[in-house]
Amino acid sequence: MSARHLLSIESLDEAGLKQIIERACAFADGASAPEIDATVVNLFHEPSTRTRLSFERAAGCLGMQSFNIEPQLSSATKGESLTDTAATLQAMGMDCLILRHADDNLIFELAQKVKNLHLVNAGSGVRAHPSQALLDAAVLQARGLSPAGLKLAIVGDIRHSRVAASHLALWPRLGAAEIRLAGPHNMLPDAGATPGVTVHDNMDEAIAGANVVMMLRIQRERIDAEGWPDSQAYFADWGLSRERLSRLAPDSLVMHPGPVNRDVEISSEVADGPNALILDQVRMGVFARMAIFEWLLRGQD
Amino acid sequence: MSARHLLSIESLDEAGLKQIIERACAFADGASAPEIDATVVNLFHEPSTRTRLSFERAAGCLGMQSFNIEPQLSSATKGESLTDTAATLQAMGMDCLILRHADDNLIFELAQKVKNLHLVNAGSGVRAHPSQALLDAAVLQARGLSPAGLKLAIVGDIRHSRVAASHLALWPRLGAAEIRLAGPHNMLPDAGATPGVTVHDNMDEAIAGANVVMMLRIQRERIDAEGWPDSQAYFADWGLSRERLSRLAPDSLVMHPGPVNRDVEISSEVADGPNALILDQVRMGVFARMAIFEWLLRGQD
Amino acid sequence: MSARHLLSIESLDEAGLKQIIERACAFADGASAPEIDATVVNLFHEPSTRTRLSFERAAGCLGMQSFNIEPQLSSATKGESLTDTAATLQAMGMDCLILRHADDNLIFELAQKVKNLHLVNAGSGVRAHPSQALLDAAVLQARGLSPAGLKLAIVGDIRHSRVAASHLALWPRLGAAEIRLAGPHNMLPDAGATPGVTVHDNMDEAIAGANVVMMLRIQRERIDAEGWPDSQAYFADWGLSRERLSRLAPDSLVMHPGPVNRDVEISSEVADGPNALILDQVRMGVFARMAIFEWLLRGQD
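So the sequences go chain by chain: P, X and U.
Following the working numbering, the numbering of the first sequence begins with 1 at its first residue and continues without gaps.
Following the working numbering, the numbering of the second sequence begins with 1001 at its first residue and continues without gaps.
Following the working numbering, the numbering of the third sequence begins with 2001 at its first residue and continues without gaps.
Hint data in this document are derived by calculation from the structure and do not stem from the laboratory.
Here a beta-carbon is modelled for each residue, glycine too, at the ideal position from N, C-alpha and C.
Keep in mind that the hints are not guaranteed to be accurate.
What follows is a set of in silico ranges between Cβ atoms, one per label pair, in the way DEER data are often shown [what the hints assert, rightly or not]:
(1) P:T83 / U:A2236: 42 to 52 Å
(2) U:P2274 / P:P34: 33 to 43 Å
(3) U:E2243 / P:Q112: 26 to 36 Å
(4) X:D1037 / U:N2116: 26 to 36 Å
Modelling step: build the complete structure from the supplied sequences, incorporating the hints.
Next up, the structure:
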């Protein structure tokens, strides 16, 4: 039997899904953290501060030691493949590899080859970012919002968002009532789509009646300059302004995986306002990653 | 009440100033270090080895966990503001942010916005480097030199030195007898100056009768090429040679915040000689930063 | 008396040599690791993932705290010499400096100048990489292969390999039966050579009858483009193929210090096959570095 991995929402079984969300909420609620005698390597092939630090902080809370590889400064220049790197890390006694990579599929291929190294996908191309979707689900659960009552609108650059991809895999499984996607034409996914998910080319239509609006960061680094819209025009069509928010129910919730492009996809007033859960998401991120390590390394109850 | 910060000497009250200097001396003298259960993030927007390592080492001596962000490799590329970064770090449960930045004012503005994150200024533009001034004061106190007996000459690139700026804020408050500044015309501060501080355009005049001479590194990175003097000519006018040192009292003390440009602002003989406190400053740096963390996180006695 | 260093195999006395190899085998065999209250700084002036992580992991296994300096991001830009950096680190209370540098001699010069900082050579130019040779010796000892029975062929870019240099210093002292070197003309060492070592310009001749074949990585970064061979031609002449391996005894062992250039110096089949010790070398690397720290900091029994 090979080591347990967190590759995607799709690869996670029902029990694992539930355990991670519930334990994240429990940690947020003050449950004591187990001591786990294990080691973690962070290997982020795309720059990230918040996700890497969140994993490193979560590991620290569990007494695990973290090691960082900076690919820009490392022996990737000597031409070693990721498979060989993973085998090397495992031979050094490393237990977990947290990997972020621009390639959609690399970590899935790697999982076929490693034996005793636990892999965690911290973002693979536009395909998956499962820890983000899990922590977002924990944030809503901690607020008492059940999936059956969720009407979620996801707005922005859906096509280039691995966060959106993982949410689209997650909510149908949790039994969400309704998912709506909205964004400019060139940022919407190809048709064919998921049952229970509707696609809208108009933001106001998409968010009408939603109780949670998730705004996505435009992935400047994944869109070529020509496809890149003017910020003001983008905000007018697809930005979450105070005015747009005011048309929703007063207790509507606003999420954003960060980092935020203020006044591009969301106004500062809304980002810093009482409906926004943005910092709750960051806070829960540490707890969700603790729950992920626990699930990886200590098994399911 | 917002979290305690160390932004500048000016922002530090009398009790804090005294406590930090005294506790630094106590740690240097073997006082046992408290265990502090807290986390530190180092964010250095200008390259630094010694200051960052000194903070990291001090944190380690107190049992605190350090996290490093390399801005060159981080999501600053995604356009997040420092305010948002700070809020994110705080939401992750980070307790202290050690910040170095080329901007004079950024950390002061940030302090208006953060709530429960302790900020430590590890160098802001040319305005402040308070931990350096505090550790230097502790070095002199540990040598038994009281401020009332101090005749301090600071020589070199005063204008571009945040170390000098913090010393100029510190010594009048501690009651130093005499402060003299000397340096080439384009490296002197604008007139107007501090009471009790004299400005000299001749090094020999400035150091005559001083019992402590503090040599400053020329800030190559802050002076454009045209204003940059020839090293030999600079040394002749403004360098601390053995010959110059020999004209002072035999127990005169020589300080330098490092890193040293040997034979530019100070001769190797002097830098490595018996009057030099340069490595004592490095040693005390760790103890002073332990005292800073203690003051930030455990309050004043 | 100055601090103990690990600079090269040649600088290591008989007792140290034996202790490190034996303790590495003991740790690999499950001997409990001592707790060592000390600090380590990793300063790698050439990019390396595996060696730096191996030292960092070994330090962690002994409860030692590691600090990393990234020279590309550090105050080397401020012109400080390595001697001053070392003195600074020592003043901060650092106990060990692990140094990798392109210069053959720098660490040997530095050892003349530091007092209480333990130096470990993690690779100096083409001259020495002692921890690699020691871990390789421990791997063979753990397999029950005594030096007296060793017939070792080292194949490839001998001239630019510090690993080969350290092996050539090690095996004659341990009493190896036979050492053969083989590689293309421009990658062989200058004549003059070591007693008991033969040099071959033909791989098949060199490996005939060997019980251990050590393949070396071509040091692309140390050979200019014009001297760089075509990979396929190189493999035909100097690569370890399955066919070549099949002409040796079935229990012949294959080593490689990694990272491997697959199908350049060694075929994937051989690298991943049952004769290869490549991952055993990585595994033993951590144990050997634990033994090195123990020898440096706790003395010889």
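Broken hints, by number: 1
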